[in-house]
Structures are given as structure tokens and as C-alpha cells.
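Just so you know, the protein sequences line up as chains A and B, in that order. Note that our numbering numbers the first sequence so that position 325 is 355, with each residue one more than the last. Note that our numbering numbers the second sequence so that position 77 is 107, with each residue one more than the last.
Keep in mind that the hints were calculated from the coordinates and are not lab data. Note that CB positions come from ideal geometry on N, CA and C, so glycine has one too.
Here are a few chain B residues that sit away from chain A, every Cβ distance over 12 Å (derived from the structure):
no., residue
1, Lys52
2, Asp80
3, Glu97
4, Leu103
5, Asn115
6, Glu123
7, Tyr202
8, Asn256
9, Lys325
Derived DEER-like restraints, expressed as beta-carbon distance ranges:
no., chain 1, residue 1, chain 2, residue 2, range
10, A, Lys338, B, Arg111, 56 to 64 Å
11, B, Asp224, A, Lys338, 31 to 39 Å
12, B, Asn227, A, Asp199, 41 to 49 Å
13, A, Lys157, B, Glu307, 46 to 54 Å
14, B, Asn305, A, Gln341, 30 to 38 Å
15, A, Gln331, B, Leu306, 38 to 46 Å
Chain by chain, the residues:
Number of protein chains: 2
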Amino acid sequence: MKASAKANANIALIKYWGKKDKTLNIPFNSSLSVTLDKLFTITSVEFNKDLSNDIFVINDSIQSDSEHSKLSLFLDLVRNRAGINFKAKVISENNFPTASGLASSSSGFAALALAATKAAGLNLSPKELSILARKGSGSASRSVYGGFVMWEKGEAGVDESSFATQLFDENYWPEFKVVVVILQNEKKDTSSRDGMNNTVATSPFYNVWLATIDEDLKNLRNALKNKRFSALGETAELNCLKMHATMLTAKPSLVYWNSQTVELMKLISKWRAENLEVYFTIDAGPQVKILCLDKDLIRLQKKLSELKFIQNIIVCSAGSGAKLI
Amino acid sequence: MKASAKANANIALIKYWGKKDKTLNIPFNSSLSVTLDKLFTITSVEFNKDLSNDIFVINDSIQSDSEHSKLSLFLDLVRNRAGINFKAKVISENNFPTASGLASSSSGFAALALAATKAAGLNLSPKELSILARKGSGSASRSVYGGFVMWEKGEAGVDESSFATQLFDENYWPEFKVVVVILQNEKKDTSSRDGMNNTVATSPFYNVWLATIDEDLKNLRNALKNKRFSALGETAELNCLKMHATMLTAKPSLVYWNSQTVELMKLISKWRAENLEVYFTIDAGPQVKILCLDKDLIRLQKKLSELKFIQNIIVCSAGSGAKLI
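With the rest of the complex left out, here is chain A (with noise of 0.2 Å):
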């Protein structure tokens, strides 16, 4: 009764931001994303007899109570559905920071669904490892899956209605690059449950935010489906500025950029103006993913390279969806 698997993290190019019901995790808004190939987490899953407890270790720490419930409760989904009523001894590493606006919870529950189920002796779908990972985290539905996917809104209520499917796979357009940089390995203040709660509750911009969603989607699958480069920039880089705009306008006040965010942020447009074609996107936390072509990779690097605040660049291409190993 034991399992591991490997889930890749995923960059949202449409925002996930608020959710419509919050005991199922089903979002107001679908949302679109890239997996990448270089940010991992790899979770083992051993049910056991034995034990009297849950045990997770994860990047060789016990967890909180409250992290711990969380995770207890996630594993009782799959206990329920396999029939059976062992305790578990999980172990899980990230390969990169947890909580800093890395979508480790997108790579971690992907990971945890897949492992913990296999150990339980399911054998799910991709669809029903979806729906599944979303209820640990929502955007864990996304990184089932490998390449451009699309995760479904759904309906409030229905926990079948709401989960992610693949646009295109990970090969399908190789020259396409996120440069990951990293300029602050502290934890983020506010964790995005409780910010996009917050966010929902008191933003004046929330409902404006959520009725530009569908036109920023079609024109995202647009951009991709006939690889245009800059109008899938563009469009991610709106939708990212209207996210944070909103988070802003919440009370009291979400502020996920640091001072670093922000002259990077001036820097991209920057060289974007100089022909560098090159586009930001930013999540709950500081870090800055940027969004290139291969032509211009090395051009960027080489201005990345210059800059005495980044602490490392990960360069990720698409990578591909959970899986066992």
C-alpha cells in the first residue's frame, strides 16, 4: 500500500482568484495555465496499519496543526473512497521554496492525489485526479495535466462539474519559455486562501475583475492556437496586473509585490520597448515568472545576469503531468 508520483508546478497565464464555494474548492472564474518542467515535488504515500497517526513530512519538516488537519482531511477523500481506514505516512520535497508564490500547493497536491489514491488502490482517471487535487488545492487541478490546460469553473455544489482539462501538450510549442526568477526565499505574509477570501469579500474590483475573465481566456486560446507570441504576453500580462490591482483594493490591502517585484516589473517593460520581447506574470508572492521566445532567451539572461538583487533564474519549458515513478 505504498506509492510515489511526481507532479510539475503550473503558472496561471489566465488568474485563479476567489472561490464561488469554498468547501469544494470550485473557483468563480476558469483559468488557464502552463506546467513547467523544472519545478517539481515528489510525494510518496505508504498506508499502514500500524499507525495511530498521519505522519507528513514535507521538506523534512512536521507540519503545523493546522497544516496537518488540512492534509488528514484531504487523505480521509481518498480513505473514503477506497474503503479503507489506515493512517498514512506521507513524505513530500519541493525541489524549489514552498510558499513564496512558487504554486508549490499546485505541484503538491497534484503529487499527493496521485501517489495517495494509488496507494489506496484506485486507480483514477486524469478527470477524476482532478476534481480530486483541486479539493486540496484548486490549482493542484491544473497540474494533473502536462503542456496548456484550461481548468472549468463549474457550478457551486457540483464536485464533478469543475476541473482541468489539456489544451495542448507539452510539446506543442517548444520555443516557448517562463524564466522563473527568484529574488526572496522568505515565506509570504498572507497565504493565498485567506487572500483571495479577503479579496472576494471587500474588493470594490472583484466583479469587474471576474467579468473581464472570458475575453482575456479567448483571447489566451486564440494567441496559443495560432502560437502568437505577443498577444498571449499581452494578454497575461493584463490579466495578471487587473489580479494584483484587485488584491490591492481589498481591506485591508494585499500587497504581494516587495520593492525587487517592482523594479522588475519596470525593467520588462522596459526592455520590451528596446525589442526585447519579453512579458511578466506574477502570483501570490514576489517572484517574477517572465514569458519568452527561445529567440530571445539568451538576450534576457544575459540583462538577468546583470541584476545584483535576483537570487537564481530557473529557466522552464512546458513539462509534462503527474505521474507515477
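Given chain A's structure and the hints, the job is docking chain B onto it.
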């Protein structure tokens, strides 16, 4: 036919951003400001029949053709009203950096309106001066008055409908301070004029921004009336964040902040959590204006003095309206 005037700059606590009548400079929303005692413009105007062209010397510099033409058109309003057609020599000095988000046009056009009308032999009422100054720069309508000032939005096409009035004079709340923090002396990339037109035309959030102004104005007026500083600070900071969120979502995105702006914004939130009661407001430039009361001023100055990225700070109280000198 010569006169000199001094006018103080003002800082909006409820912001002006966007014109419903670009010819008359009539705004979409009413705004509320405090006139500052330490940032001012002194302007002298002489109409002289021997001049063949208007001459403008502003901070010891000759103006560009477009700036020259804008200023000459403003003087034409005065000449038409006075029934004269002499050209003028205008000498104007700010005691602070121009066009860096420090509201130089507010004090500049208020001083010019007063000096030019007086030199032309006119004696305008404060209301008439406010209407005239507005046509040079919207925020200048407020700098005609001292203390706390409200600029009524009025109606498009109706010149006399949009003017400022004084809510409380400069002696009303002596403990109230605005600490202007100068981070950078560079001129901003996008003028307020271009930035606001672009925001109105392209931001999906612009209408929501407008829809929230009346409540912000009501809250701020109540806070002022009862000298409730926390309510004033919270309302002003939220209003500022909404304006910047609206700018961020214009196409192209307008980011008036720089890295130091964001660093200081985050520190201000942190200091507030440590019971230093300070709030920020930011205009169309990187500088940060910190709102506080006398009781916290020394602690605030000590904190600011420890920050290496600050070039200068100017501690302001509410100042007087435009006057002849």
C-alpha cells in the same frame, strides 16, 4: 501691469483622475485635498506692450514649444477677460522638484492665475480664480484656497459649475501633518494629463473607481469634521490604492511607483502594526506622502532617517491659499 503671487501645492486625500470635459478641465469626480505650507510656487507676471511674444522662465529654464503654447493659451484667457492684448513675461520658481508627482502644477497654475489677473488689472473672487486656475491644471483649482479644500466636479460644458471651496482653514487642525518623502528627483515618464486620459479610455476598473468616490468623500468629510485621524488615514490610503489599481489596469499599464515607493508602502503598513499611526498617499509619481499627527512625528522621522534610499523629507502642515506678494 505687473504682479507677483505665491501659491502652495496641495495633496489630494480623495484623488482626481480623469476628465469628463478635456477642453474645460472638468473632472469625472469631486476631490478633496489639503494645501501644504512648505511646497510652493512664486510667480511674477508682467504684461508689456513692447514684447512681441510671451516669455516664460520657469525654474530658470525656457519652456518647450508645447509647454509654451499651453501657457500662452492660459494667458489668453486672462487677456480676453481684461480686454488687453499685450504679451507677458512670466517668471516662476518652485521650491521643490517639478513634475515628480509633487503637484507642481497645482501651485503653479494657482500662482499664475492670481498674478496674471492682478497684472491685467482684474480683481477676481476666489471662486472665479478657482475656475480660471482649473483650466490651467485641474488640481490648481484647489490651491487657490488654504486648509482642507473640496473641488466640486460640476458638469461637462458648464465652465462655472466646477470650482473649489474651503471646508476648513489652515488653522483648523494644527496637529495634522503631511510628511513628503522624496525618493527620486527624476521627471516621471507619463504626465498626469496623458495618464488620466489613457486610464479613462482603457481601464476596465475606471467606472468602479468613480462609483466608490462618493462614499470615500463622505467618510473623509466626516473624519475631518470630527478630527478622527484613523478614519481619515484609512479612507485616504484606500482611495489612493484604488486610483493606482485603476492606473495599473490601463493599456498600456501605468506604474507610477518605483521599487522604493513599494518598499516604503510596506514599511508604513508594518509601522502601523507596531502602533505608529501613519498612512500613505501617492500621486502620479514615485514620491510617498505620509499622513500623521504631531504625537507620532518624532518616531516617524527617526524611522525615516534610518532608510538609506530617502533623499529628503519635508514635514508640512496645512498651508494658506494663494496670495499676492
